[in-house]
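Participant: Okay, here's what each chain looks like letter by letter:
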Amino acid sequence: MHIIENGNVAAALGVKLCRANVIAAYPITPQTPLTERLSEYVEAGEMKAEYIPVESEHSALAVCIAASSAGTRVSTATSANGLLYMHEQVQWAAGARLPIVMCVVNRAVGAPWNIWNDQQDSISQRDTGWIQMYCADHQQIIDTVIKAYWLAEKVSIPIMVCYDGYILSHTYMPFDVPDQEQVDAFLPPFRPDYALNPEDPANLNTVTLPDVRMDVHGELAHGYMEIRYLLQEEMRTTLAVAAEAEKRFTEIFGRGGDPYIEPYRCDDAEYVAVGLGSLTYQLRVCVDALRKEGINVGVMGVRFYRPFPDEAIANALKGKKGVIVFEKALSYGYEGALASDLKSALYEHLAYTGALPVVQNFIVGIGGRDIRTEELTQNLKAATQHRVSKEPAWIGLKL
Amino acid sequence: MQVKTTILSLPTEEFVHPGTRACAGCGLAIAYRVGLKALGKDTMLIVPPSCLTVLQGLFPVASTKLPCLNVTFASTAAAATGILAALKTQGNEHTTVAAWAGDGGTSDIGLQALSGAAERGDNFIYFCYDNEGYMNTGAQRSGTTPIGAVTANTPFKGKIQQKKDVPAIMAAHHLSYVAACSAAYPLDLYDKILKCKDMPGTKYFHIHIPCPPGWGYDPRYGIKIGRLAVETGYYDLYEIINGEFRLTAASEKLVEKRKLVPVREYFRAQSRFRILTDAQIADIQNQIDAKWAGYYKKDE
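Chains as they are written, first to last, in my numbering: chain D, 1 to 399; chain X, 1 to 300.
Hints were generated in silico from the structure; no laboratory data involved. Since the model is a prediction, treat every value here as computed from it, not as a measurement. Note that CB positions come from ideal geometry on N, CA and C, so glycine has one too. It is possible that part of the hints are untrue.
[Claimed, not checked] Okay, derived cross-link-like pairs now, SDA-like style, lysine to any residue, Cα gap no bigger than 20 Å in a straight line:
1) X/65 x D/216
2) X/88 x D/191
3) X/291 x X/153
4) X/88 x D/43
5) D/154 x D/231
[Claimed, not checked] Pulled from the structure, derived: some chain X residues nowhere near chain D, Cβ distances all over 10 Å:
6) 41
7) 56
8) 67
9) 77
10) 79
11) 90
12) 164
13) 176
14) 260
15) 275
16) 277
17) 296
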């Protein structure tokens, strides 16, 4: 069914269709309309779930961690400082291998206070062991939530579904809401290998030694390092599982594409702009304008950021003269995190060819600063002509 | 009237294996062993980092025969909420959910989550085992360390602030049941757990836990010191049922006796109070006497 709604509602509908049984959330702008909508579904009896209005984001994820450990499909959502306040629990959920799906409605982090959009919140959680998926429009939000539950439960790794605050969360757009039967066909009920149970007691997440240790039956059990190695190993194999998710999704819902990247006019492009989220759709307008001037540019959205699809990205950028990374976040003291990751992938996969694309990095829209398409176009154009700056260049800075 | 459990009628089934990693003479080992007997087999536990994490053993060996979720320091009560919510959606209304946290994990870092769960009225039992400091990390002060106690980070002057009254904070949440217990009176703890198990909402237990390394006494004197805390009127055993306060067990008997052991005996039995002066002890004695004058008056 096609409807016109905002991005938060798209996310809420996704969670509802996935039949999450326990929802816990703490209000923070711009996430609130999403969780308000979920509370409406629960109170109205449209969703068979427990909605827990917790007293903090730290507790929101605590509720999800515990409920997931007890064998229930869970949901939460947050933004900005709420996500930062969760940070300890974010790491815990990954270490405990719980398939939690959390929507992150991207917003700038304090200090100073700022409620507008950038992506510093989710980027700062890059190294926590969560899968991160970024959405560029409302259809992607609802579809990504559905894919995320399937994928998280398949690999026992939690997922952040990230979408831009206001630009997507509060704007209205038409999108298709799948039928419940389709979602049920795609997503089987959650059946974890182990859930807390008095009939089969186990002590979960207990103190684990640096080295392996024997259990009471004389079998060697993992040490902390083995457990963490497996998280890394299974994060990497998640890339293949994500392709399977995309294939299944496409078969059932009749839409889908590349699970990792979303290229636009890249095939014959000499220069490719790269970014995360809604910015990449804005960049399409710039690309179209520059193409009219005869400049061969394309744009590639990275939809899957962790695990990083390094090979897919390097293959897509092979033979290009330049790559221009536009980011709404950065690793302070160096450059945008995506730019660093991308350079690393290019070096890993293309250095042997002797032809590495030149990589440039632009920082845009920090704290909700307007990203003007004209300005974006001019900077993209400049980057195809010369090296704009050795350091990341900030677009629209008024110093 | 409720039948009082005796050492002979206490169930023999154990939920804590022998050979835990607790220190010799640990008061928590007694309270936990007896507490789990009262909670029974159909129970799920939540434990934040604390002495109990150590007591329960190192992966892959566990000393507890009940399912247990280890959680982050500040999230104990919220995790209880999560398990309850999961059980509810699974149609399970019989399993008891019980959280066991230390005094730092309760009165300091865990207070926000505990207050949140209590305000929501989530149906579980929260146990704060109070050994009056961060004993697991080497005996630093906590919110419930008493005034005058030397700790690893109040090394020379002792703690200068009062002990935080967590049961009173929890009582202010209008809970159906709040209890103050002691590891030195395990049967009082046992009977109180049985009594409140079917009461609605959050139930809060505060358990005084003598700690040989943290308090500075020979491990064999743990029960004696726990009892001295009660017999001196320094720490009281009580319950608050729907807002109604009443002393229990040995504390209740003290009201009849009208005679308290001087608190000096309690202080002088532990090295952590070595810096307390006679004047300070006299001051604390006066506060105890005033508190008990109130109990006597209520009894008249």
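Participant: None of the hints should be skipped; say for each whether it holds.
Facilitator: Tested hints:
1. Straight-line distance between C-alpha atoms of residue 65 of chain X and residue 216 of chain D comes to about 14 Å, which keeps the hinted pair within the 20 Å bound.
2. Of the pairs offered as hints, the one joining residue 88 of chain X and residue 191 of chain D holds, with about 17 Å between alpha carbons and a cut-off of 20 Å not exceeded.
3. A C-alpha spacing of about 30 Å is found between residue 291 of chain X and residue 153 of chain X, which places the hinted pair above 20 Å, so the restraint is violated.
4. Restraint check for residue 88 of chain X and residue 43 of chain D: satisfied, since their Cα atoms lie roughly 15 Å apart, inside the 20 Å limit.
5. The hinted pair formed by residue 154 of chain D and residue 231 of chain D meets the criterion: a straight-line CA distance of about 13 Å does not exceed 20 Å.
6. In this structure residue 41 of chain X is not separated from chain D by more than 10 Å, as the shortest Cβ-Cβ distance comes to only about 6 Å.
7. Non-interface call for residue 56 of chain X relative to chain D: violated, since the shortest CB-CB distance, roughly 6 Å, does not exceed 10 Å.
8. Residue-level check failed: residue 67 of chain X sits 4 Å from the nearest beta carbon of chain D, not beyond 10 Å.
9. Once the 10 Å rule is applied to beta carbons, residue 77 of chain X is inconsistent with being away from chain D; the minimum gap is 8 Å.
10. Distance check for residue 79 of chain X against chain D: the nearest CB is about 4 Å away, which does not clear 10 Å, and the non-interface claim fails.
11. Here residue 90 of chain X does not stay apart from chain D, with its beta-carbon only about 7 Å from theirs, under the 10 Å limit.
12. For residue 164 of chain X, the non-interface assignment is confirmed: its Cβ lies about 19 Å from the closest Cβ of chain D, beyond the 10 Å cut-off.
13. No Cβ of chain D approaches the Cβ of residue 176 of chain X within 10 Å, the least distance being about 20 Å, so the stated non-interface status holds.
14. The beta carbon of residue 260 of chain X is kept farther than 10 Å from every beta carbon of chain D, the shortest such distance being approximately 40 Å.
15. No beta-carbon of chain D is positioned within 10 Å of the beta-carbon of residue 275 of chain X; the least distance is around 34 Å.
16. Every C-beta of chain D lies more than 10 Å from that of residue 277 of chain X, the closest at about 41 Å, which supports listing it as non-interface.
17. Distance check on residue 296 of chain X: its Cβ is at least 40 Å (rounded) from any Cβ of chain D, clearing the 10 Å threshold; non-interface status holds.
This entry does not satisfy hints 3, 6, 7, 8, 9, 10 and 11, going by the numbered hints stated previously.
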